[in-house]
Structure formats: structure tokens, C-alpha cells
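**Q** Take a look at the letters that make up each chain.
2 protein chains.
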Amino acid sequence: MNVKRPSGKPFAVGLDLGGTKILAAVLDEKYRILAREKKSTKPDLGPEAVVERVADCVNEALAACAVPHAAVCAVGVGIPGMVDTRAGMVKVAPNLGWKDFRFARLLQQHIHIPVVVVNDVQAGTMAVQQFGAGRKFTDFVCMFIGTGIGGGIVIGGRQYRGAAGMGGEIGHMAVIAHGGPKCGCGNRGCLEAVASRGAIVRRIIEEMSGGRKTVVRELCDGDTRRIRSRIIAEAYWEGDKLVREIIHEACDYIGIGAANLINILNPQAVILGGGLIEALGEKMLPRIRKAAWAHVIGASDERVNVLDNGLGDDAGVLGGALAARTLGK
Amino acid sequence: MNVKRPSGKPFAVGLDLGGTKILAAVLDEKYRILAREKKSTKPDLGPEAVVERVADCVNEALAACAVPHAAVCAVGVGIPGMVDTRAGMVKVAPNLGWKDFRFARLLQQHIHIPVVVVNDVQAGTMAVQQFGAGRKFTDFVCMFIGTGIGGGIVIGGRQYRGAAGMGGEIGHMAVIAHGGPKCGCGNRGCLEAVASRGAIVRRIIEEMSGGRKTVVRELCDGDTRRIRSRIIAEAYWEGDKLVREIIHEACDYIGIGAANLINILNPQAVILGGGLIEALGEKMLPRIRKAAWAHVIGASDERVNVLDNGLGDDAGVLGGALAARTLGK
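Residue numbers (the numbering used here), protein chains in the order written: chain A, 1 to 329; chain B, 1 to 329.
Mixed in with the good hints, there may be bad ones.
Unchecked claim - With a straight-line cut-off of 25 angstroms between C-alpha atoms, the simulated SDA-like cross-links for lysine to any residue are: (1) K136(A) to G162(B); (2) K182(A) to Q109(B); (3) K182(A) to W293(B); (4) K91(A) to I297(B); (5) K241(A) to H178(B); (6) K182(A) to H178(B); (7) K39(B) to Q109(B); (8) K290(B) to A163(A); (9) K290(A) to H178(B); (10) K290(A) to G184(B); (11) K38(B) to H248(B); (12) K99(A) to I297(B); (13) K290(A) to R161(B); (14) K99(A) to S300(B); (15) K99(A) to G298(B); (16) K182(A) to R287(B); (17) K91(A) to G298(B); (18) K182(A) to E249(B); (19) K182(A) to R289(B); (20) K241(A) to R230(A); (21) K136(B) to G165(A); (22) K21(B) to G8(B); (23) K136(A) to G156(B); (24) K136(A) to A164(B); (25) K182(B) to R287(A).
Stated by the list, open to error - Stretch-level coverage of chain B by chain A, calculated; a stretch enters the list once three of its residues show a Cβ under 8 angstroms from a Cβ in chain A: (26) 110-124; (27) 151-157; (28) 251-262.
None of these hints come from the bench; they were simulated from the model.
Even glycine gets a Cβ: it sits at the ideal position worked out from N, Cα and C.
Turn these sequences into a full structure, and let the hints steer you where they fit.
**A** Below, the structure is given as C-alpha cells:
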């Protein structure tokens, strides 16, 4: 007797293409991660060079688990920007410096596997819904705290991106209406400008160059470009006063942003993710929750349900793999 | 030959029960308004007295168009607070000072017509969707600028109130995260605390008692309790410097609030209503639009579509009548 198998190929590659690093993973049909690969993105070298680095990352991950290219249904790539999934096109990705770039076709020429591009936050939200803390809910909001702050909104079990697919820009919610710090978008006082990892790093560097004492100076060997989530977390755990102060302030703002979303949308949960939350969630979440509680109308345990997404850095590659399976051919 | 008629009674009463005034209207099957009645609410006299005033309002409106009580299917009452429609109960209505009040039963005893209670913003949003600027859209957000600021979210043609029906509290979105003016909710810097008609009136009174020159002083005959939308609008049209300054600032904040909603939800339109917009929309809308434009990511004409709801003060009674027909027996 024959057991019927789904016609598709058994493996998928999920890829998280960030402004600083590329993460790739090979996953089997049950979304178990068989191998991972990681490279720095180096967007300054130009789009073609980045595509080559992405291709290398995919090839090396496949080699590491001895999965042949022909057994992969598709590579799903989460992009930090606006994409046209059908056309395989990156419309605009500020952190990569890309505009109207036919990414999917070019990558496909390198790896000979179908390529699916999706927005990274959308991919991450899919992963949180399928595999993370979102599994238990039909209505929730994801907040991804990274270089920027992205948001995924799930309503009635389906991701909601608004009338033109441009919703979820929660990082550009103004929380300091006048005179706040400058944001990458050109405005001032956006949540992203005061509470993203990018904003936190900027503040640390500012204070350092102002002569303020901090262990970050040694942890990054004087090279401020090396300040990432891990170094911030290390400084925090070592009790560094400056880092604690800045992180606590960011938590306040993230909590206020979460409260705004709760007041507007009344979700079952607000679910946090991103490198900083992975590294410091245990310390940050109680503070974020406290700030949210203070700003939610009719605050209650059910109403102020602020959680870690439970996937850490894997949200991106899992979401990419989901996109590869559901949107790939 | 008999023409089949729908079994229901041909008329409905829509009632808008605000903290300051009661508006009632009798509507026919085509939602044409046959008669209106208006009274001040006087919530200080206690809930029973308010119910009597509401009953008088209904009776007088019916008398004015000679519609017998027996021909009315139901009275739909929009309440500024949280209601349990099924139980006919007002759970909490801060502006009326009510808590767990069986309003529907009591009113029904006075008028002998079925009574349906709904949240006023929800009712207004229904009206905007059926009869106002919302007719053309499937995804939009209503902002009602009144004593407070309420919000109605329509997604895919259906009103969305969140997981526990408590969404839409857009007035309590923090736009000045730290140190803003105090809000009725206990927090600081809520949109409602800087941009509602209530906040505008408070600021005018403060400046007046600080000795600032304004025509409002004469327009209200020295009785600051009389300062409502109409007086504010009159002062604005007369070119009163103080009122213009305060209104323009409020427009900035409303625009920022609208931009936050656009960035988060990407609706087809943000649709404004409430007494102040009815009285001054022509002057306020361009300013609100300009502020929204400045704060929306990827602003475009389609994306920053900020409109007047087109129903003015009738949104409440129309919404009440819709609730009476759709939720009444």
C-alpha cells in the first residue's frame, strides 16, 4: 500500500535579510530547523554583492545539512521594506538602500531554487501566529523591536495590512507630538526614534562621546559600530548605569506604544520580539507591562497582556519558510 | 392584490444621550427624519430624572410628527459609555455618572416602546457607514471630536471593536508621552486631553481667567458653562486670536492622531465628526489634513484621506435609529 505524500518538495529555506545581518535556515516539512547560516549583509557593497552573499548563505546552509537544491520547494526571504511578492520585487528597502530591485529573479539565477519575497515583519508575524506566542490568539499585535520598530496586526486569525497593504507602521506612531528626537522618516517623536534598538544605540553613543562612563566602551573595544543587542544586554547585566537608564526609558515608551495599540484595537495580546527582547526580555517585559498598564483605559490582566513572542531571532527564518511553502510554487 | 409589507412597525426613534444634551429624532422606514427634539441632560439631577427627560424628549418628538407610540418598532439610544446591549444595561458612563444602571427597562416603563442601548460612538460609526462619508469605503476609521474623542474602526465593511469590545479608545492614545496635560482618565498627554472640545473649552477658560482678551467673554455673557461648539465657531469666524490659536493647536494634534491611525491601520479614509467639526470643519479639516500628511509614512492623497462625515449632529440619532431597527425586536 502506498502512503500518499504531499506533492511538494520536502524542504524549505527561510531567510531573514536585515540591514546588518543575513540569517538563513533549512527547514523540513514540520518546520524543524536542520541547519543555519549567518553572514553580515554589507549593503554598502551594492545590491549585486548582497545577492551573492545571500546565495552563499543559502548554499552553505544546504551543504551543512546535506539537502540537495532540488529537494527545496522555495527560499522565502523576509525583506525590511515594501515588496511586491507577485513580481518578486523589492519596491523600497531603506536599510538596504534598495529601490525597485528585482531581487527574486536575480537570486534565483544564483541558486536555481524558486524565491519568494515578503515583508520581514509580515513574515515574522506569520511565524509568531503559527509557532510562537500568537498560537493561542485570534486577535493580537506583534511589535518587533529592532533597528526600527515594525508591527503586525492579526484580526480574526488573519493578518491585517490595511486597505493598501501599508498598515502596521507602528514605529511611526508619534508619542512625542512636538520636539521629540528625529526619526529616520524625517519626523520627530516617532516611537522608533525613542525606543528602537537603533535609537538606544544612538543614545549610548551620544552619551559616550559626551564623556559619560559606561562599560560599553570596553565591551565594544572602542568601536561603536559593534554595539548590538548582545553588548547592550551584557552591559545591562553588569549593572551599567547609563545602559540601564536608557533601556528603562525605552521600556516606558514601548509600554506607551503598546497601550496605544491596546486602546485602539483591544487585542487579546501584544506580543514582543526582536533581538533586544530576546537578549533582555526578562528584564524589559515587566517594565513595558507596567508602563502599558498605566496608560490603558480600564487596565486589567486580560487587557494588558504583553508577552514575549517566544521565537527570538528565529521568527524571521520561520516566517520566511512559511512564506516559501504557502506562497512559493 | 395585497402588497406584502415587512412585518415590522414603520417608525423608529433614534436618541443621542450626551453628557450635556439629549437629541431625539423620529425616522421613517427610509431613515428620513420626521421630527426632532432636544433637551439638556442635567445628569446632576440623578439617573431617574435623566430617564424622565429622555422619555419627555421621545414623547414630544413623536407628538410633533403625530406618530403613535404603537407604530414605533424601538427607540435606539446611543450612550457615551460601556453598555451591555443584550441586558439593556449601562455598565459605566462617566459623563453621566452612571454605573451598572438598567436604563432600557426603566425607560421602557415610561414610554412603552422597546428600548435598545448601544455605545454612542458605535452608533455614530454605523450611521457614517450607512448614510455618511463611510458609504464609499470598506476600511475606515471614524474620529468623533466631542467632550471626549471616540473612535470607530471599520474593517472589511464591519465594525471592529476588538477582542472584548473595548477597542476604539483613540482619545486615550498618548501623543505627549510625558508631562502633557491631565486627561479625565487619570493619565497625561492623551489625544483627548489636548484636542477634544472639552480640552479646547478648558484652555479658553484658563486663558480667560488669566486675563487674556477674547470675544468669547461677551459671546457667553460671562458664563463659561455656555461655551460650546457654536460659540467657539463664532469667535473663530470673528477672527478671535486666542480661539484661533487654540483651535489650530488642536487641529495639529487631531492630525497627528489621524496620522497614527493611518500608520497603524492604513484605512481608506479617516472620517471626522462631532459638533466642533460640524461647526468649523471647513476651517479645521485643511489644517488637520496638513498635520496628518506631515506624519504619515509614504504620505499620498490616497493614504491621507481625511474627510468630514457629512452627517453633523445627526450621526447620533441616525445611529440610534439603525440600532433600533437592527437590534430591536
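**Q** Is the hinted pair K99(A) and S300(B) satisfied, with a Cα-Cα distance of at most 25 angstroms?
**A** Roughly 18 angstroms between the alpha carbons, so the hint for K99(A) and S300(B) holds.
**Q** Does the structure keep K136(A) and G162(B) at a Cα separation of 25 angstroms or less?
**A** holds, 16 angstroms
**Q** For the pair supplied as a hint, K38(B) and H248(B), confirm whether the alpha-carbon distance does not exceed 25 angstroms.
**A** violated, 30 angstroms
**Q** At a Cβ distance under 8 angstroms, does chain A reach at least three residues of the stretch 151-157 of chain B?
**A** Held - the stretch 151-157 of chain B has 3 residues with a Cβ nearer than 8 angstroms to chain A, which meets the minimum of three.
**Q** Given the hinted pair K136(A) and G156(B), is their Cα-Cα distance within 25 angstroms?
**A** holds, 23 angstroms
**Q** If you draw a straight line from the CA of K182(A) to the CA of R289(B), is it 25 angstroms or shorter?
**A** Roughly 22 angstroms between the alpha carbons, so the hint for K182(A) and R289(B) holds.
**Q** Sort out whether A164(B) lies within 25 angstroms of K136(A), counting only the CA atoms.
**A** OK: K136(A) and A164(B) at ~16 angstroms, within 25 angstroms.
**Q** Given the hinted pair K290(B) and A163(A), is their Cα-Cα distance within 25 angstroms?
**A** holds, 21 angstroms
**Q** For K182(B) and R287(A), compute the direct alpha-carbon distance and say whether it is at most 25 angstroms.
**A** holds, 22 angstroms
**Q** For the pair we were handed, K39(B) and Q109(B), check the Cα-Cα distance against 25 angstroms.
**A** holds, 20 angstroms
**Q** For the pair supplied as a hint, K91(A) and G298(B), is the alpha-carbon distance within the 25 angstroms limit?
**A** Cα-Cα ~12 angstroms, so holds.
**Q** Need the status of pair K182(A), Q109(B): alpha-carbon distance at most 25 angstroms?
**A** With a Cα-Cα distance of about 60 angstroms, the restraint between K182(A) and Q109(B) is violated, given a limit of 25 angstroms.
Violated hints for the displayed structure, listed by number in ascending order: 2, 11, 22 and 26.
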